Structure formats: structure tokens, C-alpha cells
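Peer 1: For chain A, the structure is supplied; the task is to place chain B on it using the hints.
Chain residues, written in single-letter form:
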Amino acid sequence: MVDVCIIGAGVAGCSVARELSKYSLRTVVVEKAPDVCEGTSKANSGIVHAGFDAEPGSLKAKLNVAGNAKMEELSKELDFSFRRNGSMVICKDEAGVATLERLLERGNVNGVPGMSIITGDEARKLEPNLSSGVVAALLVPTGGIVCPFELTIALAENANVNGVEFMFDNEVTEVSNEGDHYRVETDKQTIEAKVVINAAGVYADKIHRMVSQEPMNITARRGEYCLYDKQCGQMVDHTIFQLPNAFGKGVLVTPTVHGNLLIGPTADDIPDKEATNTTAEGMNRAREKAAESVEHMPANRLMITSFSGLRAHEDGDDFIIGEPDDAENFIDVAGIESPGLSCAPVIGEFVAEMVLPAFGNPKQKENFIGKRTGIPHVSQLSEEEREALIKENSAYSVIVCRCEMITEGEILDAIHRPLGAKTMDGIKRRTRAGMGRCQAGFCTPRTMELISRELGIPMEHILKSGRRSHVL
Amino acid sequence: MYCRETDVVIIGGGPAGLAAALAVKAAGVESVLILERDTQLGGILNQCIHNGFGLHTFKEELTGPEYAARFIKRVLDEKIEYMLETMVVDLKSDRTVVAMNRKEGLFSIKAGAVVLAMGCRERPRGALGIPGFRPAGIFTAGTAQRFVNVEGIMPGSEVVILGSGDIGLIMARRMTLEGAHVKLVAELMPYSGGLKRNIAQCLNDYNIPLKLSHTVVDIKGKERVEGVTIAEVDERLKPIPGTEEFYPCDTLLLSCGLIPENELSGSAGVALSPVTGGAVVDNTLETSIPGVFACGNVLHVHDLVDYVSEEAENAGRGAAEYVKGQKAGIVPEDDTVMEMKAGKGVRYTVPAKIRPATVKKDVLVRFRVDNNYKDVSIGVFYDGRLERSVKKRTVAPGEMEELRIRKEELDKYPEVKEITIGFVE
Chain A
831 MVDVCIIGAG VAGCSVAREL SKYSLRTVVV EKAPDVCEGT SKANSGIVHA GFDAEPGSLK
891 AKLNVAGNAK MEELSKELDF SFRRNGSMVI CKDEAGVATL ERLLERGNVN GVPGMSIITG
951 DEARKLEPNL SSGVVAALLV PTGGIVCPFE LTIALAENAN VNGVEFMFDN EVTEVSNEGD
1011 HYRVETDKQT IEAKVVINAA GVYADKIHRM VSQEPMNITA RRGEYCLYDK QCGQMVDHTI
1071 FQLPNAFGKG VLVTPTVHGN LLIGPTADDI PDKEATNTTA EGMNRAREKA AESVEHMPAN
1131 RLMITSFSGL RAHEDGDDFI IGEPDDAENF IDVAGIESPG LSCAPVIGEF VAEMVLPAFG
1191 NPKQKENFIG KRTGIPHVSQ LSEEEREALI KENSAYSVIV CRCEMITEGE ILDAIHRPLG
1251 AKTMDGIKRR TRAGMGRCQA GFCTPRTMEL ISRELGIPME HILKSGRRSH VL
Chain B
7 MYCRETDVVI IGGGPAGLAA ALAVKAAGVE SVLILERDTQ LGGILNQCIH NGFGLHTFKE
67 ELTGPEYAAR FIKRVLDEKI EYMLETMVVD LKSDRTVVAM NRKEGLFSIK AGAVVLAMGC
127 RERPRGALGI PGFRPAGIFT AGTAQRFVNV EGIMPGSEVV ILGSGDIGLI MARRMTLEGA
187 HVKLVAELMP YSGGLKRNIA QCLNDYNIPL KLSHTVVDIK GKERVEGVTI AEVDERLKPI
247 PGTEEFYPCD TLLLSCGLIP ENELSGSAGV ALSPVTGGAV VDNTLETSIP GVFACGNVLH
307 VHDLVDYVSE EAENAGRGAA EYVKGQKAGI VPEDDTVMEM KAGKGVRYTV PAKIRPATVK
367 KDVLVRFRVD NNYKDVSIGV FYDGRLERSV KKRTVAPGEM EELRIRKEEL DKYPEVKEIT
427 IGFVE
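Chains as they are written, first to last, in this note's numbering: chain A, 831 to 1302; chain B, 7 to 431.
Next up, chain A with everything else stripped away, as it sits in the complex (with noise of 0.2 angstroms):
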């Protein structure tokens, strides 16, 4: 038996373990995927919204505007990519000014700080490539950019660290109200568990349904990306959203944390909960979206991957963070779509107050260890840094892939350290090797060699990430 059983390795999932881990309870994380950050947390802006968006009183407000203010501190501790650059909702025409305002009004009563309305031609000056027809922009200083992948690694890494174990390429095929404990059938093994905390992203519904009578009902709502080489990264410096909808915060154009162009997403709600892929249709429509922003968009050829992902979309429109009232001790973290990722750094506390009663809320425990030294990003560091990098260990010297410039050391420090990549794609998140503008032509023999040298895998049995996305 288990104190707590947290389904999901998302960021919402990663982020209640890693605050677990504060305590001396046992705790175990259960994913259906071979590593951490493999569902919505893996395909989505990576912007750390500043918390203007959400209905004033909504759970998305609450945790939005704390996560922000918590974000920086975190990355510091967790060592992860953050910036704050600072964020623009613009407006092209008058009477898209009153929507401006009540955006400022909503940020003011959620807390939100410093935002002010600025005129076109301010907001030209401070992004030179703004589309020449906006009248009007909110400027919010506190918004910025993270790396989702580094995040979620983060905070499970920081987790496993302090004793949370990982359960990976376990699905959740039942979970059973026992009385005084849920039973959690995986395909692979059974958990007994005091507290069950349900992160299971776009299947939170389902894995919600098995123990409660309570409506919920979670919609995967499709938003495709595309990806533009650095050389276009600084095309902008904000994050440049348009005027939200129906459907969310719209197309927006943003650096990425390391340099890159992305912009995106749309808004398809879909049935198939599976349905990661792009579409013409869709890439051409955030394309043609994100050329309203801007001008002179990047020619196509400057596309470096395009990539879909799926919103968690409860029917409510806010974040179900709770106890459902037929089920003790099973508490959901469901309907993390936007701003979940901004909301990381305080998920996490917000449910563990939930879960520590349970337990008589103990006191954290002494040897918790708070701090978390990421992979060096050997590229960004300064002469005198590498230096005595490569000193200590020469595998930092030896470049493996060529665009990002990542370093053998690198991606052996991937493989190593807790819960460290198996796959491809855990390589890939963790030290960006493929991410470029060759997308894993070049390394991918030479990180496969790697990984089978390393763990002892056979070429023909590694993984891309899936059970089935056998490379070779």
C-alpha cells in the first residue's frame, strides 16, 4: 500500500508529486507513456500567461496569477528555461478597444500587475515587425516564455529525487473505491493507495468516471503549431496574442525560450483523443492567422516542424482541482488546459493541502532537497564555462547534433541521471539534440548508438517514445 498514487506524469501530475515529495509519504506516479511529459504538457505555447484571460473568482484566475509570480523562483531552484518578455493582446480597429479594457479591468481584479493600454504606434516601437493596422495593445510586462518539456522534467526529476517513484508504460485500465483505499489496476500491476490524485489530462473523465457519479466531461480541443528556424526568432520579442474568443486566447506569435519563432494554435474541438496530428487546413489557418499580427511572416521554407496538441477542455471552462463529493481521497486535477502550464508551480501546493489532511498534515521532512542542477546547455555558456566543462569531462567537446550544438556530455548526462531519457524523444526534450533545423537528420544514428552503448539496447529496439515507435 501507497500513500498516494498519482496518475498522470504530466506537468500537472509532476507538479503534485514534486510538492509530495516535501513530505515523508509514499508516493508513486503511474504513466501510460515510457517517460515523463508525453500528453498535452509536451505539445502547447510554452507561455507563462500573466493571468489577465480568466473570469475573475475561476480557479484558472486563482492559480494563474500565483504560478506566474512563482515561475522565476522555481526556474532558479529547478534550473530550468524562463523569460519574462512580457506579453501583448492587440487590437486592430476602435471598437476592439473596449475589449482591451475589459482585459485590463479583468488583470486588475485578478491581481495581474503593471499592464497598461498602449497606442499602435507604441507598441510598434517597442515590436518593430507589428502589423501596421493595430490601433491598440495591452502591454503586460509580467507575461512570459518557459520550456514545457524542462519544466515537467524538472519538477519529476526533483520529485524522484526526493523519493517519488515512476511508474512508466503503466496505463490505467480501472481505479476502485475500496473503503478505506483505491485499488489502481494498471495493465501491468495493481496499486493499493490511500489518495488517489487523478492528472490524467485529456482521460481525466474517464479515469474520473470509474470512482464518481459526478459529471465530468473533457473535450480534446486541437490547437496545431508551426515552428520557424532561430533565424526568425527574433522577429518578435513579446508574445503577441490577438483578441481572445470563444475558443480560447486565439493564434498568437511568439519567441520560443530558446530562440525560436512558434505560432499558433488553433481551436478544434475533436473526438479523438488520440488525434495528434496536423492538418493542412490547420497549419495554413494559424499561418494565415498569426500573418494578421505580423508583418512579413517567414516564407514556409523557414518552417522547421510543425506539431498539434491537445487542450484538456472541461465542459465547465475552469480547472476541477478537488474531491469529488462521492469519492473521499480521490481528488481530480482535470481540465488543465491553458494557463495550466503557467499554473505548474502552485498545482502542486494547492492539491497536497487537499492531500495532507489525510494524513494528519505532516510536517515536511528535513532532508528534502529543493535544488535541482539541469543539463548544462554547453552552447550557452561562456568560454571560461566550457572550458572547465570539458576539463572535468571531455564528452562535453564532442558535438552530437550539429544544429542545436549539443555535446555528447549532454546527452549522456540525459541518460543518466534520474529518470533519465530511454527514448529518442526523451533525449530530444531533455537536451533539445534534434530539435533543430535538420530535425534529427544527422544525430539520430549517433544518439542511437549512444543510448544502445549506454542502456544496453539493441539498435533495433529503441524507441522513438511510444511502445510501437520502434525507430528502425
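No lab work stands behind these hints: they were computed from the structure.
All values reported here derive from a predicted model rather than from experimental measurement.
Some hints here could point you the wrong way.
[As the list claims (entries may be wrong)] Cross-link-like lysine to aspartate or glutamate pairs, in silico, EDC-like; alpha carbons within 16 angstroms at most:
no.	chain 1	residue 1	chain 2	residue 2
1	B	K366	B	E414
2	B	K228	A	E1104
3	B	K98	A	E1213
4	B	K109	A	E1222
5	B	K347	B	E393
6	A	K1060	B	E269
7	B	K226	A	E1104
8	B	K202	B	E407
9	A	K1221	B	E110
Peer 2: Chain B alone, transformed into the frame defined by chain A:
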């Protein structure tokens, strides 16, 4: 940081870098260093185990590794210095090269001259904007070639190939010989981007269908490729609704164009051509940065390696002359520059500039046409006036063409600003 000085630094130890290094040495400059990022010299030739290399250079038919080996042997015989597993991480406009490897760590080289010979990369799926899932089983043709020929592992068994570039055609044959079933080669354009001989020898001989004006419009399979949907495209290259056909397969190979790998050149400030993706060079193959030369596929994508070697020799000679000139303190008196222009039917020319004062004999100009044509006449125009022309029965975008600009013509028209190569109407 360890710092050294070298007369000529050659970035890249593939066919271009090797030939350039030999030419530098032959021109009497002893201090030359090849920096190669891979574990051996030879570059991409090492995985090109098919034959057809060297017909022009050696008058015999060699495989890629054999062709490379001939140059490597000469480099070793000449005792030319090289470093393997050495990545250049920065190139500055003053020709300081910053590199790193296991032995030296991070180090810098002050170079008298630099020859860029980094080659090219393949256009990936993302740049093509192919919709669908992103499963395992999608490879560029060159990556698949490496798996089959170097690692000895097949990347799949039921194969569709998008793009009819030469590597794609070669891999259609190679995968077939290794027991895979290549169902189809689809090509977006109404013509192939590859050599005619490769279409005959790699597709026709193995009954592999080539569908021109077709492209992949969807990829099925969440974990591994399960199939692709192919559709016909119209004149604007847009898929025609209703022409979709599903091909079950486990592997999709992409051979949709090569891109000169010039990120390093760009960071040094080398001016690049938007058409070739390579540096803008003059007839000595010097780029916009004095003392920095370029050759091979990093300059423009070639069809035959023989031409790469020939071009690289020219770049090596240019680099050697530059170093010698600098050492002797020679400042060229005549700095006249004539611009080369691509005229009707021609996409680009290399070189893009001619400095008549540096021309000893002729200037070999290589270019590519922009479509398939029959019975054309290609002319050399001096400031718009036709000087002479040659007739061609057929020309194709997949094959490089060449013409020579004659020294006597340059002498005859010293005031000319612009030389154009293009079809005569």
C-alpha cells in the same frame, strides 16, 4: 583557451575540403589544416557505396568510399594536418576559427585564409509542411542511407519515397536490393530533381513507379508510420481533391532538396545567395569576406562529386594565393568587379562575380536551369549584348550546366559591368 596560427584552415573534410587542401599544398602553402566533425575523412561519400563516382576525375567508375580514399591517400601522403571529431563552433570575420574536440577542448585558430567546405543537409519533413502524425519511420534519404550502408540496419521494409532527388533515387534501389519493397517515388514537381541516369538505373530497372506532380498529403500512424496518402498536385503545386490514394507502408523517405549548411558562414557575416543558399563568390571562389573561400555543396548543391573536387581545387588555389599575397604585402591594383547574372531560364550562376584582374585563362561558370527544356540556345551576354551561344538538345534542373567566360572576352570588354548567362530568345 589554446590558440594557434595556420595559413589555411579548411572547414570540412569531405570531397570539397580534401581537394581544397591538396590544392593549397600544391600551390606551395605548407601550413594547412582540415577540421572534420565526423570520425573519419571523406564526408558523405563514406555512405555512398554505389558506383558512378570519378568518371570525370579518374576516368573510371568508383564507389563513394573509393573516390574519397584516393583523395585521403593523397592528403596523408602530403602529410596535410587534419583533426577529426572537431566541430567549428564559431567563425569570426577576422578569420578566427573557434573549434572544439576531445583532445584540445575549446581552441581557436588565427587563419590566414579559410575555406568553407561544410557541405549541405537535407530538407526535413517540417520544412516541407507535410501534415499528419509524427511517428517513427520518417527519414531523410541520407539518414536512411547511413543506417543501411554504415550501420548495417534497415530502417523499414515497406517504403514510400517522397522526392526524386538523387539520394532518394539511389535509396530506392538500395532498399530494394536489401529486400525492402519500395512502392513508389512521388515527386511534387512535374520533373525529377535527380540525374537521368539515376532514374533509369535506380527506378526503371527495378520497376519502381515514379509519380510526377504528386505529393504526400497525410501521414498515418501514431507510433510508427502505417501509411501515407499521396495526391496529385495542380500547376500551383496544390493537391487536387479527389486524387488521394492511400499507400500502406512503414517507412517514408524524403529526398526533397539539399540545403547548403551555411549557419557558420552567416554568423561570420558572409553574404549568402537567396537562390543557392550558398555564399556569393567571385571567380576565385572568395566570399564577401576577404580571405574566406567556399566550395562544394556548401557553395551550391552539385550533381557530381567530380565537379566538387574541381571547384574545390579552385578554392584551394584562391586561398593559397590570398595567403601568399598577404604575406608579400601585395595589394591588387585593378579591383574591377563584373557581376554575373542569371538570365532567362537560368536559376543562378557560380561564380556570381568576376574580377578580371585575377583571371589567368578562362572562368568556368556553373549554373542550373529552372525547368526541363528541349532545343535551347544558351547565350553569354555582355551588358545585355549577346556575345555567343551554345545549343543544347535537352537541359534539366537536376543536371548542372557549364560555360566558360573567356579571358579574351574580358579583355575585349573592360568596361562591362554585367555578364549574363541565359537562353537566347
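Peer 1: Hint by hint, note whether the structure agrees.
Peer 2: These are the hints, each one checked on the structure:
| no. | hint | in the structure |
| --- | --- | --- |
| 1 | K366(B) with E414(B) | holds, 10 angstroms |
| 2 | K228(B) with E1104(A) | holds, 8 angstroms |
| 3 | K98(B) with E1213(A) | holds, 15 angstroms |
| 4 | K109(B) with E1222(A) | holds, 13 angstroms |
| 5 | K347(B) with E393(B) | holds, 15 angstroms |
| 6 | K1060(A) with E269(B) | holds, 10 angstroms |
| 7 | K226(B) with E1104(A) | holds, 12 angstroms |
| 8 | K202(B) with E407(B) | holds, 14 angstroms |
| 9 | K1221(A) with E110(B) | holds, 10 angstroms |
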